[in-house]
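Chains A and B, in that order, are what the protein sequence lines are.
FYI, the numbering for the first sequence is 0 to 264, going by numbering that gives the first Met the number 0.
FYI, the numbering for the second sequence is 0 to 320, going by numbering that gives the first Met the number 0.
Calculated from the structure, these hints are not laboratory results.
Do not take every clue at face value.
Stated by the list, open to error - Result set (DSSO-like, lysine-lysine): computed pairs, CA atoms no more than 30 angstroms apart in a straight line:
1. LYS242/A with LYS122/B
2. LYS155/A with LYS254/B
3. LYS262/A with LYS277/B
4. LYS246/A with LYS317/B
5. LYS218/B with LYS191/B
6. LYS1/A with LYS153/A
As the list claims (entries may be wrong) - Covered stretches of chain B (chain A as the covering partner; in silico rule of three or more C-beta atoms under 8 angstroms from a C-beta of chain A):
7. 114-122
8. 235-248
9. 251-263
10. 293-299
Nothing here was measured: the structure is a model prediction, and the numbers come from that model.
Note that beta-carbon positions come from the ideal geometry of N, C-alpha and C, so glycine has one too.
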Amino acid sequence: MKILVTAKRVEDPESKIKVKPDGTGIVTEGMKYKINPFDEIAVEEGLRLIAKHQGELVVASIGGKEVQEQLRHALAMGASKAVWINHAGALDQMAIAALLQKVVEREKPDLVILGKQSIDDDQNQVGQYLAEMLGWGQATFASKAESFESEAEKNKVPALALGADGKSVRVVREVDGGLATVECQLPAVVTTDLRLNMPRYASLMGIQKAKTKPMEELAPAALGVDVAPKLTIVKVSSPPGRKAGIKVPDVATLVDKLKNEAKVI
Amino acid sequence: MPIVLIVAEQQPDGALRKATLNALAAGAQLAQKAGAELHAVALGKDVAALAEQLKQHGPKVVHAASAPAFEHYLAETFAPAVAELAQSLGADYVGAASTAMGKDLIPRVAARLKAAMASDVMKFDGSGADVTFTRPMWAGNVIAEVKLGTPVKAFTVRATEFQPAPAGGAGEVRAFAPAAAPSGATRFVEFKEVKSARPELTEARVVVSGGRGTKGDFKEIEALADELGAAVGASRAVCDAGWVPNDLQVGQTGKVVAPQLYIAAGISGAIQHLAGMKGSKTIVAINKDPEAPIFQVADYGLVGDLFKVLPELRAAIKAAR
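Please work from the sequences and hints to get the whole structure.
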């Protein structure tokens, strides 16, 4: 089978995000970047499926030259080919989905796996837009019933289960109040939640191999996609700061404050 | 008159999901700013009772679509129906609470309506056609005011930012029969309720979270949570260590919570974690290390061993209530 996964470049989740004083964006000096953690889970799941069912894993990313770093990371984890959509400006989720639709039409994967959201925009939309644009089934927030301590996880068994005929995929979804299982006919779009798997580290050999793996470059204009954003940011600001807290000497004082000052108990 | 259409949500047990009432309040706020009328739509196997309930909470019209095809929620069956209704009404805004269903459904509806979308909206500003949507980015470390430049605009709202719409309205219920639902490529298999006597982490009024300081022993965390009727949360470190299930994780890559009271015990306060709970109304931190960064965001800090403090706190709260 052929699987397409995404690898968005985002700020390191461990880094401190600060808003620029003029409200036009965030401070990027000295920022470290990583593959979106949810996309990394998508890459891992794709690799496990390929290991079990044979096939090819293609990874796509959109951005300036710097996103090659995240594509190489996915290649080092084990993807066989990268597609780089070279576009430097701001994009909204509709445009991202429209670009991915073109990649899907060129690559013709049986399954597209994306992170449920990227940790910068936090929109949680692209997979759903893409599924509708393609007219495919969707299974968002893919999760796994077993714990990360399970034998299945240690053996890197895929959580997404292909049907016996290889024409469908069964997905356990993390929803409010429980787990919902759905079965999608292939081709389908799946988005990953945090509990789907624990991504592998890229091995040294993987990193070496990634340097010579193919990376195709595409441009939005050549794909015929209008990427002018329909969602525009008017301004960004920091969330309201918290007033300086106090240290209380003992439990009695704490309970008194909670009851009479904060009035939360 | 422009129309704001809110999609209601029915729980697997048939009851109205509470977050829908918050979404209706948000819809009313948007309708007021946009000079629009509030409508709601409910889809399910039988939504007659649900529609009767909904009409009391603000919408002028509740569109009720009862059909066997809607027994189990699936984006592929719900999205065409909602989009069809939005089109026939000429709705300008389509939204829902940002629950698992809202997040799954609304972008798919938006794609059908060629609508741009804002997720997790906390506030609406502006007026008329220039309404803006305020929403969190980078796990709430950044608040963005955005504009949507498409004729139809889609959104989900963060339920905790809006008080539930009160009862007392008198809307009208209209039956709505969408064109034959396409047989989607996706089939519902089963729903397994994760039984917990405790409230949902993202909906709870009080959250008690444990970190590395618990060394994996959550007994005191759970006992305090149960005393307060609270949800239990955890830092990434304890989830990664396999001490508690990952779905308890509060943080940038876990759940983002904003309860009235957040109690962090044995949590140092990594940026990752703070991003997931900074929006809480009152934060209490209990930590052995007086220099722990968690104290910088806590309203009330108590330096001490959580295994001594938590049982005392539980007894004192019990006595104080």
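So, going through the hints one by one against the coordinates:
1. With a C-alpha separation of about 22 angstroms, the suggested pairing of LYS242/A with LYS122/B holds against the 30 angstroms cut-off.
2. Proposed proximity of LYS155/A and LYS254/B is supported: the alpha carbons are some 25 angstroms apart, at most 30 angstroms.
3. The hinted pair formed by LYS262/A and LYS277/B meets the criterion: a straight-line CA distance of about 19 angstroms does not exceed 30 angstroms.
4. For the given pair, LYS246/A sits about 22 angstroms from LYS317/B by alpha-carbon distance, which is consistent with the 30 angstroms threshold.
5. For the hint pairing LYS218/B with LYS191/B, the CA-to-CA distance comes to about 26 angstroms; that is within 30 angstroms, so the pair holds.
6. Restraint check: the Cα-Cα separation between LYS1/A and LYS153/A comes to about 24 angstroms, which is no more than 30 angstroms; the hinted pair holds.
7. Counting residues of the segment 114-122 of chain B whose C-beta sits closer than 8 angstroms to any C-beta of chain A gives 5, which meets the bar of three, so the coverage hint holds.
8. Three residues within the 8 angstroms Cβ limit are the bar, and the segment 235-248 of chain B against chain A gives 5, so the coverage statement holds.
9. Taking a C-beta to C-beta cut-off of 8 angstroms, the segment 251-263 of chain B contributes 5 residues in contact with chain A, enough for the three needed, and the coverage statement holds.
10. Under a criterion of three residues with beta carbons nearer than 8 angstroms to beta carbons of chain A, the stated coverage of the segment 293-299 of chain B is upheld, 6 such residues being counted.
In summary, this structure violates none of the numbered hints.
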